[in-house]
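One-letter residues, chain by chain:
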Amino acid sequence: MPNAMNFHPVSGVTTSMADMVAFVTSIQVCIFGGNSMTQSQITRSRVMRRIGVAVAATIAITTMASTGSQAASKPNASKYGGEVKVGIFDTFPGFCVGNNPANSSLMATRTVYETLFEKTRGNDYVGLLAKSAAASADLKTWTVTLRPGIKFHNGEALDAAAMVTNWKNTSGTNYVATYLTKGAAAAGAAYAHTLGTAVPFQSNILLAAVSPTDPLAVIYTLDRPQNDFEGTLYASGRGFVRAPAQLVDKTTCSGNPIGTGPFKIVSYTTDEMIVAKNADYWRTDPKTGDKLPYLDKITFTNVKEGSQRAAAVRKGTVDAAMFSGASEGTFIQDLRKRKSVVTEYKSPAEYYPSTWLNQGKPGSPFKNIHARNAVLACVDKVTWVKARTKGEGVVSTSLVGPNSVMYTKNGFQTYDPVFAKAEVELYKQETGATSLTFTGPSDVSSTSISNAKFFQTMMAACGITYNFVIEEGAVIIGKAFNPSPTATSYYNAYDAISILLFEGTDVTFNLPFVLTNAFAPEIKNASGTVVSAASKNLTATFFRASIGSILGLNHHSDTNVDLAFYAGEAAQSAALAKAKFQEGTAVLQKNAIMGATFYFSYELFAGNKLGGIGTLSIEKGKTQRLVTNWGIDWTGVYKK
Amino acid sequence: MRLIFKRFVAMCTVVIIATFLLSLLMRLLPGDPAAVLVPNAPDQVRDVIRQETGLSKGIFGYYWQWLSGMLTGDFGKYYLNGGYRTVASVLQRCLPPSLYLIMYSQIVALVIAIPLGLTSAYKEGSRFDRITSSVLFTTVSVPAFALGLILSLIFAVQLGWVDPIGYESPFGHPWQHFKLMILPVISLSVGLTSSYTRLLRTDVIATLKEDYVTMAASKGISNRRVLWKHVFRPSSTTLLTSAALNMGGLIGGTIIVETIFVIPGIGYEIAYSIGARQIIAMQTLIALVSFAYVFFNTAVDLLTNLTDPRTRERRG
Chain L
1 MPNAMNFHPV SGVTTSMADM VAFVTSIQVC IFGGNSMTQS QITRSRVMRR
51 IGVAVAATIA ITTMASTGSQ AASKPNASKY GGEVKVGIFD TFPGFCVGNN
101 PANSSLMATR TVYETLFEKT RGNDYVGLLA KSAAASADLK TWTVTLRPGI
151 KFHNGEALDA AAMVTNWKNT SGTNYVATYL TKGAAAAGAA YAHTLGTAVP
201 FQSNILLAAV SPTDPLAVIY TLDRPQNDFE GTLYASGRGF VRAPAQLVDK
251 TTCSGNPIGT GPFKIVSYTT DEMIVAKNAD YWRTDPKTGD KLPYLDKITF
301 TNVKEGSQRA AAVRKGTVDA AMFSGASEGT FIQDLRKRKS VVTEYKSPAE
351 YYPSTWLNQG KPGSPFKNIH ARNAVLACVD KVTWVKARTK GEGVVSTSLV
401 GPNSVMYTKN GFQTYDPVFA KAEVELYKQE TGATSLTFTG PSDVSSTSIS
451 NAKFFQTMMA ACGITYNFVI EEGAVIIGKA FNPSPTATSY YNAYDAISIL
501 LFEGTDVTFN LPFVLTNAFA PEIKNASGTV VSAASKNLTA TFFRASIGSI
551 LGLNHHSDTN VDLAFYAGEA AQSAALAKAK FQEGTAVLQK NAIMGATFYF
601 SYELFAGNKL GGIGTLSIEK GKTQRLVTNW GIDWTGVYKK
Chain Z
1 MRLIFKRFVA MCTVVIIATF LLSLLMRLLP GDPAAVLVPN APDQVRDVIR
51 QETGLSKGIF GYYWQWLSGM LTGDFGKYYL NGGYRTVASV LQRCLPPSLY
101 LIMYSQIVAL VIAIPLGLTS AYKEGSRFDR ITSSVLFTTV SVPAFALGLI
151 LSLIFAVQLG WVDPIGYESP FGHPWQHFKL MILPVISLSV GLTSSYTRLL
201 RTDVIATLKE DYVTMAASKG ISNRRVLWKH VFRPSSTTLL TSAALNMGGL
251 IGGTIIVETI FVIPGIGYEI AYSIGARQII AMQTLIALVS FAYVFFNTAV
301 DLLTNLTDPR TRERRG
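Residue numbers (this note's numbering), protein chains in the order written: chain L, 1 to 640; chain Z, 1 to 316.
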């Protein structure tokens with residue numbers, strides 16, 4: 001239906017001219033309506049008509065002159081000012097350590113916060129808040145030096161001490177230290193708000209300290225050697241640097257974001273975030289020397305209904321809108337045709353939803369490799385991409401896409417229903433089960449329910465029974481990543497779950513999800529010799545037995561995965577690192593620990609009145625990624 | 001006065017029973033309510049929430065704490081990791097848009113339904129009546145969300161007359177407020193118009209057959225005067241009751257329309273509370289909807305007593 005719509009795109013100038021003419025015409029029609037006029041009315045009408053024409057001409061000349069002058073000289077001053085509205089598809093959960101804004105709301109949050117490093121289009125890292133990073137020869141000590149003169153929105157200076165406060169409050173270090181000295185209640189009361197998913201991501205950091213010689217240098221001491229430590233600090237765009245004042249106030253931490261970013265928070269609700277220009281922002285455009293940012297204000301609004309988001313960007317109600325290629329192919333494809341109205345900005349297909357098969361849950365069939373093989377071989381990836389993503393997805397050939405350093409086809413299970421059926425029989429023979437049956441969740445959205453039904457039908461074709469339960473997204477997340485399991489509630493409550501956790505081109509962000517324990521455990525070989533020591537980190541020791549495997553939804557125990565990825569991170573050459581990372585992926589694939597069906601992109605459609613999208617570089621030749629799951633960077637965007 | 005007191009006592013009783021049952025339902029949801037509120041928080045945080053909300057005090061203790069809070073203006077909190085937001089502050093923000101939406105929808109529906117219902121009844125069996133009935137049957141079967149999306153496609157995208165999403169206060173931007181409310185109001189009022197017209201038509205047809213109407217007509221009073229003065233007033237009881245009950249029902253019924261048109265109203269907040277399993281906020285918001293139902297029901301009961309002498313007589 002949307003394809004059949006008759007839409008009349010007009011440029012900014014013609015719109016204003018058309019509006020103006022219509023406006024003047026409407027005045028004339030209104031004044032001169034009716035056929036039977038008296039002589040005085042006719043005389044008055046002539047006068048009024050002349051006035052109308054004069055007004056129209058004046059407005060037209062003024063408009064043309066102003067438009068022309070802008071087009072001719074284009075001084076940088078013309079880039080400044082203006083307000084922008086952006087349609088997104090996620091809610092705002094808050095801004096403290098435990099609040100994880102997803103995708104499009106992450107885009108809004110990133111206007112307030114910045115990260116130490118950013119990823120470039122060449123897939124390397126460039127310092128943003130950090131000026132440089134240097135590793136010791138053994139890759140176990142990293143010195144990160146901050147750029148001078150950067151201040152948080154509240155006036156606090158960004159220095160190494162602030163970074164140490166950030167680390168202590170996001171890695172669980174403060175919590176554990178208080179727990180061990182003053183007990184659980186004191187730790188909970190003072191630091192519970194600092195516990196979040198950032199904890200396992202920083203499990204390799206033993207200590208962060210201010211350099212004795214440079215107040216802008218932070219020295220990170222690691223437990224294991226790591227060649228990609230910038231990635232840990234970047235955390236796929238989520239490694240926010242928060243003002244110490246925000247982190248230490250447990251009552252306002254979630255509602256009072258204080259960062260160093262180009263915009264400051266004005267207000268936020270669950271579905272809307274308004275930010276205003278940070279007049280003291282530290283960056284300038286390296287090409288032009290312009291002080292950034294250009295825009296005065298941005299309003300990010302959650303428009304849940306995809307068709308309305310598309311309508312809003314077409315109509316110009318919002319200046320830009322973001323879409324997910326996994327589920328909003330219809331709207332993406334419709335907007336893509338309207339090049340005179342909107343411009344498409346598309347991320348690479350670097351988002352890899354996975355099928356996580358839970359080996360740890362009592363009653364789950366997936367402890368048995370034949371059950372895992374059967375399910376993964378039964379997924380018809382080509383049909384899925386056609387039917388469920390409207391062709392916007394890319395059929396998986398590995399757990400991650402070709403752009404990822406982890407990518408390998410080795411051991412990846414392709415669609416093979418004959419093999420799947422045979423594996424079902426082997427599963428039954430080995431376990432004595434009468435059927436291969438498993439459960440998983442679907443959230444309440446119609447897209448998810450349709451996906452679950454589609455998956456159910458595919459499984460049925462191989463003789464596998466898939467039962468899905470429909471639950472709210474927040475409940476599913478709570479049950480899948482359950483930090484306080486009881487006798488009746490396991491860490492991951494589902495036999496299997498399809499969820500997007502893998503992303504990007506490197507390993508650091510994906511790693512905690514596939515290790516047997518994010519807090520490095522002691523690993524022995526078959527003869528009982530210790531091949532990898534347990535982490536000496538106090539926080540790691542504390543958390544290893546509780547939330548160590550919370551992110552690993554597979555709950556597998558194959559330590560070959562850990563060893564391969566550890567070896568990759570310890571490698572001294574990029575080639576060796578890549579080989580080891582691929583080895584890790586191959587172990588996951590060969591042992592059918594998890595599967596993948598498709599990769600997809602995120603898209604941002606912007607009205608043609610927006611300029612500067614993706615053109616701002618951090619340093620000369622170092623431009624950050626155009627679009628990611630967190631949309632675009634708004635620092636260099638201006639209104640034409 | 002006695003009647004008002006009796007109605008007030010009855011209203012309070014119904015509200016207490018309804019909210020207690022609601023509270024009970026919330027407690028019967030599977031899982032630990034504190035864990036549902038903050039799924040990824042440690043036990044220490046959950047303990048604080050249990051104490052603060054009364055979840056640790058059993059069903060009656062919890063209900064009493066919640067009710068006491070409501071009566072003293074403490075409507076509870078949305079719990080986040082690292083902070084909270086009060087339901088009162090959310091209500092302050094989201095109640096006005098919903099009330100405008102409901103009020104406008106009711107006004108539009110009544111303004112259309114009353115003359116349409118009266119005319120259809122007066123011309124019962126005529127071509128006008130048949131066409132009106134057919135159109136009303138058709139429109140009442142179109143869900144508000146489907147109508148909303150269709151209207152958005154035509155008037156916002158194709159014609160470009162209004163914006164498809166958004167909300168503005170009537171005090172700051174009255175014209176923009178008007179433009180943004182048109183589509184959601186039409187989406188909601190079409191169904192209401194159909195049901196009001198049909199209700200009124202049925203009652204008017206019955207009233208037209210009363211002897212006193214024949215008497216009034218035989219006295220030579222104009223048809224218009226008979227219809228409006230002698231027929232409409234006694235026939236409007238059902239319409240009035242239905243409209244009043246809809247005032248309460250619409251607060252909950254706006255969920256989808258508010259979501260589609262991105263109006264930050266109470267329906268939108270209820271949807272969020274359900275999605276995020278913010279059960280304290282959910283309980284408060286749903287309790288307010290229940291209260292609105294009971295309040296408007298009582299109000300219309302009292303109003304009917306005032307406007308229709310027969311009701312008083314029946315009550316003795």
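Errors might be hidden in some of the hints.
[As the list claims (entries may be wrong)] According to the in silico footprint, chain L covers these stretches of chain Z (three or more CB under 8 angstroms from chain L):
id	stretch
1	60 to 69
2	147 to 153
3	239 to 248
4	258 to 266
[As the list claims (entries may be wrong)] Just so you have them, the derived chain Z footprint on chain L, three or more residues with Cβ under 8 angstroms:
id	stretch
5	87 to 94
6	135 to 143
7	296 to 307
8	453 to 467
9	579 to 592
10	597 to 611
11	624 to 638
[Said to hold, decoys possible] Looking from chain L toward chain Z, a few residues come up when the C-beta cut is under 10 angstroms (computed):
id	residue
12	Asn256
13	Ala310
14	Asn482
15	Pro483
16	Leu563
Hint data in this document are derived by calculation from the structure and do not stem from the laboratory. All C-beta atoms in this analysis are idealised placements derived from N, C-alpha and C, irrespective of residue type, glycine included.
Results for each hint:
1. A stretch counts as covered by a chain when three or more of its residues have a beta carbon under 8 angstroms from one of that chain; for the stretch 60 to 69 of chain Z and chain L the count is 0, and the coverage is violated.
2. For the stretch 147 to 153 of chain Z, the proposed coverage by chain L is satisfied: 3 residues have a C-beta within less than 8 angstroms of a C-beta in that chain, meeting the threshold of three.
3. Counting residues of the stretch 239 to 248 of chain Z whose beta-carbon sits less than 8 angstroms from any beta-carbon of chain L gives 0, not enough to reach three: the coverage restraint is violated.
4. Chain L is given as covering the stretch 258 to 266 of chain Z, and this holds because 5 residues of the stretch bring a CB closer than 8 angstroms to a CB of that chain, at least three being needed.
5. Evaluation of the coverage hint for the stretch 87 to 94 of chain L: fulfilled, as 4 residues show C-beta separations to chain Z shorter than 8 angstroms, against a requirement of three.
6. With a cut-off of 8 angstroms between beta carbons, the stretch 135 to 143 of chain L has 0 residues touching chain Z; three or more are needed, and the interface restraint is violated.
7. Counting residues of the stretch 296 to 307 of chain L whose beta carbon lies closer than 8 angstroms to any beta carbon of chain Z gives 6, which reaches the threshold of three, so the coverage claim holds.
8. For a cut-off of 8 angstroms, the count of residues in the stretch 453 to 467 of chain L with a CB near a CB of chain Z stands at 0, and the three-residue condition is violated.
9. Check on the stretch 579 to 592 of chain L: 0 of its residues sit with their Cβ under 8 angstroms from a Cβ of chain Z, so the three-residue criterion for coverage is violated.
10. A stretch counts as covered by a chain when three or more of its residues have a beta carbon under 8 angstroms from one of that chain; for the stretch 597 to 611 of chain L and chain Z the count is 0, and the coverage is violated.
11. Restraint check on the stretch 624 to 638 of chain L versus chain Z: 0 residues with Cβ-Cβ distances below 8 angstroms, three needed, restraint violated.
12. The beta carbon of Asn256/L comes within 8 angstroms of a beta carbon in chain Z, closer than 10 angstroms, and the hint placing it at the interface holds.
13. Annotation: interface hint on Ala310/L holds; nearest CB of chain Z at approximately 8 angstroms, less than 10 angstroms.
14. For the restraint placing Asn482/L at the interface with chain Z, the shortest Cβ-Cβ distance is roughly 8 angstroms, inside the 10 angstroms limit, so the hint holds.
15. A distance limit of 10 angstroms between C-beta atoms decides the matter here; for Pro483/L the minimum to chain Z is near 6 angstroms, and the interface restraint holds.
16. Because the closest C-beta pair between Leu563/L and chain Z is about 29 angstroms apart, greater than 10 angstroms, the hint is violated.
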